[in-house]
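Taken in order, these protein sequences are the chains called A and B.
Each residue of the first sequence is one higher than the one before, counting from 1 in my numbering.
Each residue of the second sequence is one higher than the one before, counting from 637 in my numbering.
Quick caveat, the hints were computed from the structure, so don't treat them as lab data.
The structure presented is a predicted model; accordingly, all values stated were derived computationally and were not measured.
We put the beta carbon where it would ideally sit given N, CA and C, even for glycine.
Fair warning: there could be bad hints in the mix.
[What the hints assert, rightly or not] Quick list of the computed label-pair ranges, beta carbon to beta carbon:
(1) S1166(B) with T129(A): 32 to 38 Å
(2) D283(A) with E1163(B): 57 to 63 Å
(3) D113(A) with A1225(B): 39 to 45 Å
(4) T1047(B) with G152(A): 50 to 56 Å
[Said to hold, decoys possible] What the simulated footprint calls covered on chain A by chain B, stretch by stretch (three residues with Cβ under 8 Å from a Cβ of chain B suffice, anywhere in the stretch; the number is not a length):
(5) 159-167
(6) 302-312
(7) 593-601
Single-letter residue listing:
2 protein chains.
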Amino acid sequence: MPTVTFLPANTTVEVPAGTLISEAAIRAGIEDLHLPCGGKGTCGQCLVQVVQGDADPLGHTRLDEALAGGGLVMACQTKVRDDLTVRMRQTHDAAMRVVGDTHFLVSQDFLPDRDNLSPMFGTETVTVTPPSIEEHYSDWQRLVRELTRERGDVPVRTHLSVLRKLADAVRARDGLVTVLLQEDDGGLKILDVQAGHMPMLGVGLAIDIGTTTIAVQLVSLHDGRVLAIRTAYNAQMRRGADIISRIDYARTPERLAELRDLVLETLNEMVADMLSHAGVPSDGVHTVFIAANTTMVHLLLGLPPRHIRETPYVPTVNTVPTLTAADIGLTINPQAIVACAPGVGSYVGGDITAGLLCTEMLTNHDDVFLFLDIGTNGEIVVGNADWLVTCACSAGPAFEGSGIKCGMRATEGAIEYLEISEDAQAVRYDVIGEGKPAGICGSGLICLLGELLLRGVVDQSGRFNTDLHSDRLVQLESTRGFVLEWGAHTQDGTDLVITEADIENLMRTKAAIYAACALILANVGLEWSSIARVYIAGGFGRYIQVEDAVLIGLLPDLPYATFTYIGNSALTGAYIALLSSERRRDLAALAARMTYIDLSSDPRYMDSYLGALFLPHTDMAQFPSVEARMRSGSRR
Amino acid sequence: MPTVTFLPANTTVEVPAGTLISEAAIRAGIEDLHLPCGGKGTCGQCLVQVVQGDADPLGHTRLDEALAGGGLVMACQTKVRDDLTVRMRQTHDAAMRVVGDTHFLVSQDFLPDRDNLSPMFGTETVTVTPPSIEEHYSDWQRLVRELTRERGDVPVRTHLSVLRKLADAVRARDGLVTVLLQEDDGGLKILDVQAGHMPMLGVGLAIDIGTTTIAVQLVSLHDGRVLAIRTAYNAQMRRGADIISRIDYARTPERLAELRDLVLETLNEMVADMLSHAGVPSDGVHTVFIAANTTMVHLLLGLPPRHIRETPYVPTVNTVPTLTAADIGLTINPQAIVACAPGVGSYVGGDITAGLLCTEMLTNHDDVFLFLDIGTNGEIVVGNADWLVTCACSAGPAFEGSGIKCGMRATEGAIEYLEISEDAQAVRYDVIGEGKPAGICGSGLICLLGELLLRGVVDQSGRFNTDLHSDRLVQLESTRGFVLEWGAHTQDGTDLVITEADIENLMRTKAAIYAACALILANVGLEWSSIARVYIAGGFGRYIQVEDAVLIGLLPDLPYATFTYIGNSALTGAYIALLSSERRRDLAALAARMTYIDLSSDPRYMDSYLGALFLPHTDMAQFPSVEARMRSGSRR
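Work the whole structure out from these sequences, hints included.
See the structure below:
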């Protein structure tokens, strides 16, 4: 059967010849496929680029003719003939996108078996023996007896609201009742009781609380279906863009309470919207799983975060005891169980441990893997089912466009891809939204840095080549720059220029990440070649073209197939943990066995960092493919 | 050393000759001793009656002379010379009395050792290792590690409010912290954390919720001292005087909520008053132990009580899961633990199991005991540390003065004691408050019934002797009666008359209780003579003179020393359970091993009842001492 490879996720799937590309994408779990017209070939929203191999169009429409030049086809109107590589079109501002149903970027192997879900509570239908004069056991005793019959003498707790319904429930249907049951600290907690056989489990929430964005899935606990998904900016952004400024802001109890209110405001609005969309009453939400970095957990719970940024950087909690929605302030069923993914330390939080549920790192004992979550901070985990080592590095926000003269987020008007002509006189670029450019986003910057190097505009130390004759190389007040587009063609009429200071900034960021990866490997005595797979997680990772990232020395020079982009693995991990007791146990065990390495106290880190402060690296032996590409001037 | 015996409790104590009677009473734990003047001999509130033996007055005051005739002495002004029997004066309306400190009627052996208390939570002072870069364990992890070091890997829970204080607490005094710790379902729950060494445990509440009255003790958990005690009418009285009328009233959710609000209103007012009196903040109350009958528990928790009075009489709960004050609605520390004494069934509740903590029945394997709580319902327990059998009987409210023409509660104006002259022409009586009589209370009724029998006014079937010539024997409209006092000398100017119908009513009540006791013994194949001790509990039991009760066949004909009055054993049991983990374990085990016998379904009950519907009984062999007393006409 033909194999179809989808870029940039590098996900492959085998399908019979004649399968529609859209079908193949769905089977591969590709997140970016949209079929608003239902696959009728009328909307053109499912366009993909055929990179390699041939495909058979179903027929010829006007749209087909218009697209043919760019190698673009409609996934829903094109069949697989033989092995095929297609690139999904990047969807923009994904953080703000509302998705009706979700495709996970993660292999099905890691997702819970939909026929065998084990959320934090289960339903159990039991027949309580009728009350009798002979026995005189209370309703509660008889219910507990049925529930513990097979579990042994474990403690059983409940809430008064359940006891208040119990007498009627056990008498309504000859003792047949369904209970909502939480396994908790070796005991059981009964969350609800209903007369009769009530197989419906209700819904749960998988929540990823990021410093910038919050993503929430409303999940059917019955079949694992995602009923709604929302992403929104964390309202705490109004009080500080990054973790450090939030921690500083929260230094009084009043401000700590304010930040807590802000994140709850965002969460509760999102949840209310999802519930109303899905037609689920708020009381029907019985369980929540949260993945968040350590600071976000502290701010959500109202715990003072000060010690996270003060030496020795020890937070109040890494593993949060199980709480209720009422404790936290979520406006769902007040008795709903709220669990948080455990963190390892102040700078490796529950977002990372949850993310590992999307990898082979908890199950594979034979190979070694690297997990890389790139954002303002980079978090790195190396290891497998036997051992795990983790570290964090402060990468800075350069790849998010911050601190770069013409940098911007990946929204409308951002250059996301570009090519520089061999003579460095012409620049061809793609703009998100296809209008005039307003700036350049992270993926564009990585692409740009590679092109500048390949075309000899900058040397390996990131300095402009003053011998180069190009009109685009200009002298600014205190630095030099390279013009990406002249003011006549930009949104605000000013030239789009990348400066030497910008390039230094970008190099510092990529050097910090690469040096951290290299040092953590050195710490465990491994070479890059020992790594069977590099998992790239996080919203930013999505837009990185692996080839470009290797070219500038952000990612190591490994075969491209080694890299797998797993999307918002914190959210996916929360989804997995919401539905699988086995993976929750994995997670609980995980945090305890991860070894945290503090790079800032390792004297070798500075050496590693300085070595990486070069394009791609001072030690070119680490980047053999890049050496070849620099010679040939070819990007791939 | 001389032995002093205090009646009616029949408590004895050995003291050196020359000890003040008041001192001896305090050592014996006598509840009824009051020394408002501080023992100066000026107020006369500590008067006792010397029944047997001689005592030495300290000096002669005018009061002494006035008292000498009645055998009365002031306990604080009279020394023990040799063996002595004194009768404590009955204090009236004890339910409404406010006592500054408490003497328990229970042997010290049953009270928790004040130097070794184990309330539902403890404090533990630990030193948490300082946070360090090497370790990176969170504050919570390091605290849990210290707490579980000796307990093994038990689950530890807490509330968010504790986590919020944790970072500061573990850093303030080099890691020295004191935690309030609850042992709960095999795990630990941390209720509070403070920096430094804080040995104070705060206070707890022991609560007895009766159908009529509620009694609460505010108890220092540090040394077991009772800081305040309050007794008040249960505000639910407004909605029904007895259990059945409350259950009927609570048939809609709104009315159930109303009854719940009423009992909470009473409780919260009492507690607020006690806290303000003792100068304790409401947040300082961390634990509560409640003893209450099954209906009162249901109404407090808002559980529908309907099934308690509908066959097969099975309640929602007997053993209430541990709750918090916030769950229940008590306005103390919202996280305070609230535990309830377990019940056995609808008619043998936590008031009875708690009461057993005041007896040898949980510790003695050799003898057999009988526990008797007489009220509108009588509850009976027979057994010892190896086995326990219990039953309940509906005695009716006759001994509370209800359903008796001239009956009244034991308050001002009630005849509490009387004697009838041999010719049945004169009646001498004692009135509570010493004014004109308004009616006759329970102890007076028992006394009266015995006198009527001894003087031949009634025969053994309770019918008036029509051959008797007494002006007091009168014909009423539809029945006959015996005049206790003529209208000229009563409060409202009408004659105080006991009728044949009243006597029947009283006999039904006493027969129900005796028959139940006899049947439960027969059920376990024992004779009365096998009973080593009869414990009499409950507010009513306090006023019963054992001699009178035996005379009419309410209590069995055993040596008087067999009977021990243990006061409000539900409240004392709650106090004990509040302070002793061992006794809480006893209590938990207790309810499970008590066998409930449903008398109403036992065909022999009617025989037993009919046999007891006689004065004292149809089978006089069961009452040999009464036979002798009837012959001699002597009450004792």
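Hint-by-hint comparison with the structure:
no.	hint	result
1	S1166(B) with T129(A): 32 to 38 Å	36 Å, holds
2	D283(A) with E1163(B): 57 to 63 Å	60 Å, holds
3	D113(A) with A1225(B): 39 to 45 Å	43 Å, holds
4	T1047(B) with G152(A): 50 to 56 Å	54 Å, holds
5	159-167	holds (count 6)
6	302-312	holds (count 7)
7	593-601	holds (count 3)
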